[in-house]
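Q: Residue numbers (UniProt numbering), protein chains in the order written: chain A, 1 to 342; chain B, 1 to 342; chain C, 1 to 342.
Please keep in mind that the hints were generated in silico from the structure rather than gathered at the bench. It cannot be assumed that every hint is accurate.
[Claimed, not checked] The list that follows gives simulated cross-link-like pairs (lysine-lysine, DSSO-like), each with its CA atoms no further than 30 Å apart: (1) C:Lys228 x A:Lys20; (2) C:Lys305 x C:Lys228; (3) C:Lys73 x B:Lys305.
[As the list claims (entries may be wrong)] Non-contacting residues of chain B with respect to chain A, defined by C-beta distances greater than 12 Å in every case (computed): (4) Asp13; (5) Gln37; (6) Glu45; (7) His52; (8) Gly58; (9) Val95; (10) Val224.
Backbone N, C-alpha and C define an ideal beta-carbon position, used for all residues, glycine too.
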Amino acid sequence: MFVRNCWYVAGWDYDLPPGKVIARKIIGEPLALYRRQDGGVVAIEDRCCHRHAPLHLGEIEGDCIRCMYHGMKFDPSGRCVEVPGQDRVPPRAAVRSYPTVERDNWIWVWMGDAARADPELIPFSIGPGDPDWDMRPNSLLFNADYRLVIDNLLDFSHLTYVHRKTFGGDIFAYTKPEITRLERGMRIERWVRNVPALNFTQHIMQGRYDMHLDYSVLMPCVFVMRFKVFTAGTAVEGPSDGELLLDTWTCQSVVPVNAEQCVYYFSWGAPKAAGQETSNLLAKGIYQAFLEDKEMIEGQYANIKANPDARMIGIAHDAAVNQMRILMEHAIAAEKTGIAAE
Amino acid sequence: MFVRNCWYVAGWDYDLPPGKVIARKIIGEPLALYRRQDGGVVAIEDRCCHRHAPLHLGEIEGDCIRCMYHGMKFDPSGRCVEVPGQDRVPPRAAVRSYPTVERDNWIWVWMGDAARADPELIPFSIGPGDPDWDMRPNSLLFNADYRLVIDNLLDFSHLTYVHRKTFGGDIFAYTKPEITRLERGMRIERWVRNVPALNFTQHIMQGRYDMHLDYSVLMPCVFVMRFKVFTAGTAVEGPSDGELLLDTWTCQSVVPVNAEQCVYYFSWGAPKAAGQETSNLLAKGIYQAFLEDKEMIEGQYANIKANPDARMIGIAHDAAVNQMRILMEHAIAAEKTGIAAE
Amino acid sequence: MFVRNCWYVAGWDYDLPPGKVIARKIIGEPLALYRRQDGGVVAIEDRCCHRHAPLHLGEIEGDCIRCMYHGMKFDPSGRCVEVPGQDRVPPRAAVRSYPTVERDNWIWVWMGDAARADPELIPFSIGPGDPDWDMRPNSLLFNADYRLVIDNLLDFSHLTYVHRKTFGGDIFAYTKPEITRLERGMRIERWVRNVPALNFTQHIMQGRYDMHLDYSVLMPCVFVMRFKVFTAGTAVEGPSDGELLLDTWTCQSVVPVNAEQCVYYFSWGAPKAAGQETSNLLAKGIYQAFLEDKEMIEGQYANIKANPDARMIGIAHDAAVNQMRILMEHAIAAEKTGIAAE
Numbered sequence: 001m002f003v004r005n006c007w008y009v010a011g012w013d014y015d016l017p018p019g020k021v022i023a024r025k026i027i028g029e030p031l032a033l034y035r036r037q038d039g040g041v042v043a044i045e046d047r048c049c050h051r052h053a054p055l056h057l058g059e060i061e062g063d064c065i066r067c068m069y070h071g072m073k074f075d076p077s078g079r080c081v082e083v084p085g086q087d088r089v090p091p092r093a094a095v096r097s098y099p100t101v102e103r104d105n106w107i108w109v110w111m112g113d114a115a116r117a118d119p120e121l122i123p124f125s126i127g128p129g130d131p132d133w134d135m136r137p138n139s140l141l142f143n144a145d146y147r148l149v150i151d152n153l154l155d156f157s158h159l160t161y162v163h164r165k166t167f168g169g170d171i172f173a174y175t176k177p178e179i180t181r182l183e184r185g186m187r188i189e190r191w192v193r194n195v196p197a198l199n200f201t202q203h204i205m206q207g208r209y210d211m212h213l214d215y216s217v218l219m220p221c222v223f224v225m226r227f228k229v230f231t232a233g234t235a236v237e238g239p240s241d242g243e244l245l246l247d248t249w250t251c252q253s254v255v256p257v258n259a260e261q262c263v264y265y266f267s268w269g270a271p272k273a274a275g276q277e278t279s280n281l282l283a284k285g286i287y288q289a290f291l292e293d294k295e296m297i298e299g300q301y302a303n304i305k306a307n308p309d310a311r312m313i314g315i316a317h318d319a320a321v322n323q324m325r326i327l328m329e330h331a332i333a334a335e336k337t338g339i340a341a342e
Numbered sequence: 001m002f003v004r005n006c007w008y009v010a011g012w013d014y015d016l017p018p019g020k021v022i023a024r025k026i027i028g029e030p031l032a033l034y035r036r037q038d039g040g041v042v043a044i045e046d047r048c049c050h051r052h053a054p055l056h057l058g059e060i061e062g063d064c065i066r067c068m069y070h071g072m073k074f075d076p077s078g079r080c081v082e083v084p085g086q087d088r089v090p091p092r093a094a095v096r097s098y099p100t101v102e103r104d105n106w107i108w109v110w111m112g113d114a115a116r117a118d119p120e121l122i123p124f125s126i127g128p129g130d131p132d133w134d135m136r137p138n139s140l141l142f143n144a145d146y147r148l149v150i151d152n153l154l155d156f157s158h159l160t161y162v163h164r165k166t167f168g169g170d171i172f173a174y175t176k177p178e179i180t181r182l183e184r185g186m187r188i189e190r191w192v193r194n195v196p197a198l199n200f201t202q203h204i205m206q207g208r209y210d211m212h213l214d215y216s217v218l219m220p221c222v223f224v225m226r227f228k229v230f231t232a233g234t235a236v237e238g239p240s241d242g243e244l245l246l247d248t249w250t251c252q253s254v255v256p257v258n259a260e261q262c263v264y265y266f267s268w269g270a271p272k273a274a275g276q277e278t279s280n281l282l283a284k285g286i287y288q289a290f291l292e293d294k295e296m297i298e299g300q301y302a303n304i305k306a307n308p309d310a311r312m313i314g315i316a317h318d319a320a321v322n323q324m325r326i327l328m329e330h331a332i333a334a335e336k337t338g339i340a341a342e
Numbered sequence: 001m002f003v004r005n006c007w008y009v010a011g012w013d014y015d016l017p018p019g020k021v022i023a024r025k026i027i028g029e030p031l032a033l034y035r036r037q038d039g040g041v042v043a044i045e046d047r048c049c050h051r052h053a054p055l056h057l058g059e060i061e062g063d064c065i066r067c068m069y070h071g072m073k074f075d076p077s078g079r080c081v082e083v084p085g086q087d088r089v090p091p092r093a094a095v096r097s098y099p100t101v102e103r104d105n106w107i108w109v110w111m112g113d114a115a116r117a118d119p120e121l122i123p124f125s126i127g128p129g130d131p132d133w134d135m136r137p138n139s140l141l142f143n144a145d146y147r148l149v150i151d152n153l154l155d156f157s158h159l160t161y162v163h164r165k166t167f168g169g170d171i172f173a174y175t176k177p178e179i180t181r182l183e184r185g186m187r188i189e190r191w192v193r194n195v196p197a198l199n200f201t202q203h204i205m206q207g208r209y210d211m212h213l214d215y216s217v218l219m220p221c222v223f224v225m226r227f228k229v230f231t232a233g234t235a236v237e238g239p240s241d242g243e244l245l246l247d248t249w250t251c252q253s254v255v256p257v258n259a260e261q262c263v264y265y266f267s268w269g270a271p272k273a274a275g276q277e278t279s280n281l282l283a284k285g286i287y288q289a290f291l292e293d294k295e296m297i298e299g300q301y302a303n304i305k306a307n308p309d310a311r312m313i314g315i316a317h318d319a320a321v322n323q324m325r326i327l328m329e330h331a332i333a334a335e336k337t338g339i340a341a342e
């Protein structure tokens, strides 16, 4: 149920300060992460090849990590370079090392064939370190199959219901966006015109507005959206004209821990020029909204887990959800048969 | 392990105020319950037919309920009557609806073939709303196979041991009741003569007493008992003569959540004319006693679960237990082969 | 994965005061333990033969125990001697009784063929009740396969790493002990010369020391060590000469609850003549150190459980670990084929 040949987010950069070793589990595989002396991130199998002790309990020595059970030392490539008490290192003593890239304040780990780990495949996003945007990062654990969260992102009709307290907007359920299939995902765009502000902003925005939402969901699990709010009636031609009142980016990644859990990394922010209060409000709003998603999706997952073969009835809003599921199933099947997914 | 064609208690009526949706699981099936505008109880499958979201997170609209994931609306029969954003409702869009009856302050749900849901099959009981009796309702979750609780109710020799602190009475283990097989259960009756009061009442009853216990256990899981206490030696002919000091009813239902858990709904009460203090005492006594049962039965269930094939040695007190088990096995087998249980 | 024909520690003697019934699980089997009137320990199956109620909820009557569900009474041999309400005890009404011995303040239970329960097979140890030694007992639950704890004890190179804060001593990982195979285990002995004191004692011992460690690990799970510290350079011939600064015993037993958990019983102490402060310090040190082991071994076990077939790479320090594993596998295989393990 997982695409392997892709970049997964293993955390925000601030999760991994120099000198610290952290544990992560991605698509069921245990990882230990730490930084080399040059700051680069090492991601290795969190299981010593000797007696399977967890390497995240290890200690960093220069660019290497030492297992703190019996002292075997591994270099960033995963090769064992020292066995205390014996001169010779067994030739097969090694742990798996995973390619990593740090970009846009996310630590990306390639879980598949290392030879195919191309940083060009990392999706575009805007991180909390961006000079112009005040992105506020956060994360939540969902007790659910990660694909249910991807589904959720591909059908914004749920804003009307799940997020009636935070976002609201009856129009989301009664209109349809433009859906475009991309090479590795879906692009979804829509105008929502002459509506009240999102609920969590109505204490400061009491008028009528046009909103433009434009997002991509890329395999396996990255969501990036530009969301703009205009004075109603002014953005007649498209998102680049009109009286722009609020301009935001939100970047999100839904990372499968295993078949039953996922970590949701997300940020939302406005331009720094808009002042901190705007981004404070967005950060609070998205966190509340994602708690609403968490309750609904965890309940949905519990139902599916209890009765995995029960039939689902399709509706029109499922269009993008279904296309993305097919894309992912093709990619997973292609990896299994040894044929490249791209 | 469950009889389907029968009425199960889904809760006390006060568990379901108007405007609220509650979740229940009975014989492994998830239910969402709410009230129609006329107060009648709707019980439907707690799983939207679209993407399996839990309907107990939904919102009531008139007599209908709307799934708050993507907004599908269902009427009390479970039929989908609206899909936001599309004109046509898919013809098979529906969730299962279960027959319900509210009686004696219990909400009853029929888990089997709806065509056979005959309210006449609901057992007699006396509810907290009774004009003459001061019945005090309560409930407990047991981490055990519900049949172990039914067993427990069919053999009161355990009062001497499990309930030595609350009920006591050495005589229960050393005498036998009259056992009568009913069409759908067992009736058990006994006189216990010239004994001290039950332990939890001895601070106000220090004499010697005759007690009369007369109860029925009906498939799958209802227990109703009339319990009377007389001045010792006065009730020579039967429960209708003698110097009646305490007259009570207790109504109980043991509802399987699934194979491993059950909810125990119970009440005990005296006539209102006896004053509140009497029923206060009964309510406290039964709750303490059922905590004693819970500890014992959960320990028993843990043993059985760890070693389900270990042999049991029968004793004379098992007579009613064994007969009831056979009745239930026949009913379950009859349902499976499509032959009516009655 | 368990040797059956051996003595397992079921607890410290103070865990079982007269009149109390306690529950234990050893190699997956539930036991109820209590004391006869003469103080001797009875260990019986914690499952009544009637309806499988837990006997640890029972009550002691003289030398017998009564199941407090329906009152069946069992003598110390496990034979049912009374069924309340019937004259005849069913001939097969009995629970299993396990041989016990109390020695060195440990309660030992024989989990295998009772006919082979020879008290001579109980390993030597020194208990908290010893007249000369101030042994301080304690225990910890490990969520791990007990064999991983045995492995840990057979390779003290881990002192350098796991216990770097408490014990430390770089030399443990870089030197090797003398290993001798015993009939039912391993003996391991070593000198560590001209080193600082163990870390947790350095606030009172700032010099250089020679240390002598001499321990046996006996199947399935007993560890007994004499540990001595001398002024560096004085103990030239062996542990019996030299300027002895600290003389200690530690006795430990790792008892499998089931395949996934074990209870670690342990003590450490100095001669009473050395004063209480010394043994206070040892008790605190060993507890801290075993918390360090617990974290590492539980992490190791989680890795093994998640991926039981992953390969392990052997190193030189595994010598005693491997020999002990082979000894245990032979003993287990011999029991299965009906051939004596000894």
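Q: For each hint, tell me whether it holds in the structure or not.
A: Structure-based check of all given hints:
1. With a CA separation close to 37 Å, the supplied pair C:Lys228 and A:Lys20 exceeds the 30 Å bound.
2. Under the criterion of a C-alpha separation no larger than 30 Å, the hint pairing C:Lys305 with C:Lys228 is inconsistent with the structure, at around 38 Å.
3. Restraint check for C:Lys73 and B:Lys305: the C-alpha separation of about 24 Å stays at or below 30 Å, so the hint holds.
4. At roughly 25 Å from the closest C-beta of chain A, the C-beta of B:Asp13 stays outside 12 Å, upholding its exclusion from the interface.
5. Taking the minimum C-beta to C-beta distance to chain A, about 22 Å, the non-interface status of B:Gln37 holds against the 12 Å cut.
6. With a least beta-carbon separation of about 9 Å from chain A, B:Glu45 fails to lie farther than 12 Å from that chain, contradicting its non-interface assignment.
7. Once the 12 Å rule is applied to beta carbons, B:His52 is inconsistent with being away from chain A; the minimum gap is 4 Å.
8. Not every Cβ of chain A is farther than 12 Å from the Cβ of B:Gly58; the closest lies at roughly 9 Å, contradicting the non-interface assignment.
9. At roughly 10 Å, the least C-beta separation between B:Val95 and chain A is not larger than 12 Å, which violates its mark as non-interface.
10. Listed as outside the interface, B:Val224 is consistent with that label: its C-beta sits roughly 33 Å from the nearest C-beta of chain A, beyond the 12 Å cut-off.
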